[in-house]
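Q: Sequence:
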Amino acid sequence: MRPLVFAHRGGADALPEHTLAAYLRALADGADGVECDVRLTRDGHLVCVHDRRLDRTSNGTGLVSAKTLAELEGLDFGSWHAAAAAAELTAEHTRLLTLDRLLSALRDSGRAVRLLIETKHPSRYGSEVERRLVEMLRKFGLAEPVPGDPVQVTVMSFAALALRRIRALAPGLPTVYLLEIPPPGVGRGRLPFGARIAGPGIGLVRSRPTLVRNFQAAGLQTYVWTVNNEPDLDLVLEQGVDGIISDRPRFVIDKLENARPV
0 MRPLVFAHRG GADALPEHTL AAYLRALADG ADGVECDVRL TRDGHLVCVH
50 DRRLDRTSNG TGLVSAKTLA ELEGLDFGSW HAAAAAAELT AEHTRLLTLD
100 RLLSALRDSG RAVRLLIETK HPSRYGSEVE RRLVEMLRKF GLAEPVPGDP
150 VQVTVMSFAA LALRRIRALA PGLPTVYLLE IPPPGVGRGR LPFGARIAGP
200 GIGLVRSRPT LVRNFQAAGL QTYVWTVNNE PDLDLVLEQG VDGIISDRPR
250 FVIDKLENAR PV
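Take 0 as the starting number for the sequence shown in numbering that gives the first Met the number 0 and just add one per residue.
Source of the hints: derived by calculation from the structure; they are not laboratory data.
On a predicted model such as this, the values are computed, not experimentally measured, just so you know.
A hint or two may mislead.
Unchecked claim - Computed beta-carbon distance windows for the label pairs:
#, residue 1, residue 2, range
1, A81, D253, 17 to 27 Å
2, E179, P230, 14 to 24 Å
3, R100, D54, 31 to 41 Å
4, F192, E87, 45 to 55 Å
5, G29, D233, 14 to 24 Å
Glycine included, each C-beta is placed from N, C-alpha and C at the ideal position.
Whole structure, please, built from the sequences with the hints as guidance.
A: Below you can see the structure in the form of structure tokens.
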């Protein structure tokens, strides 16, 4: 079985990351799933923004957590991207994306899609991030996986405590422990309580040749991020990973299609 292909931040290479246009493009390109990061605004809304500061991906400045939703809605989150020069930009390319809007779009897509949601920590709001997330998922009927539901959610974090909170709030949700520098024991196939899937970065997979094999021996799935070039893709395919998270989902899909036996 081929690995699942996830569009990192919606597929951040082709279109501005975390914009609705990027996610719709990834679905049209055939990605199995999409990935997003969530942060809380000052007035308690979950928004899809990776950085704690606004400077890189918008025309605003300051902390996401210090702004209200209305303040963030007034910013341009897409014109900075290289693709903007060649595209006729619409609100889908430049408008802030809330988790509510993303979940609505996935529900309306009419196809099966897996959503990876990373909760960003440290955060001034602490456990409120996970509490609000599970509350939002309940609104959409996604806090408990339902067989046959076309939309399936998995929660990810670098913070083991965040995954423990998810396990307590929504025990049925799959969880991914993201790894850049593994704590003691993890490299031998053990994950912190609350984590069910290993999520190593590609740099870690390169530097630890036995890492994926150790997770497999422990009966754990492995999703690797962020796989954007051919040597890295060849490496993770050779190791038999379960999920590939990429800024270039179309590139990954094309490689997998070409590798199929005739």
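Q: Does each hint fit the structure? Answer for all of them.
A: A quick look at each hint next to the structure:
1. A81 - D253: 17 to 27 Å: 21 Å, holds
2. E179 - P230: 14 to 24 Å: 20 Å, holds
3. R100 - D54: 31 to 41 Å: 23 Å Cβ-Cβ, so the 31 to 41 Å window is violated.
4. F192 - E87: 45 to 55 Å: Between F192 and E87, where Cβ atoms are some 49 Å apart, the hint holds.
5. G29 - D233: 14 to 24 Å: 20 Å, holds
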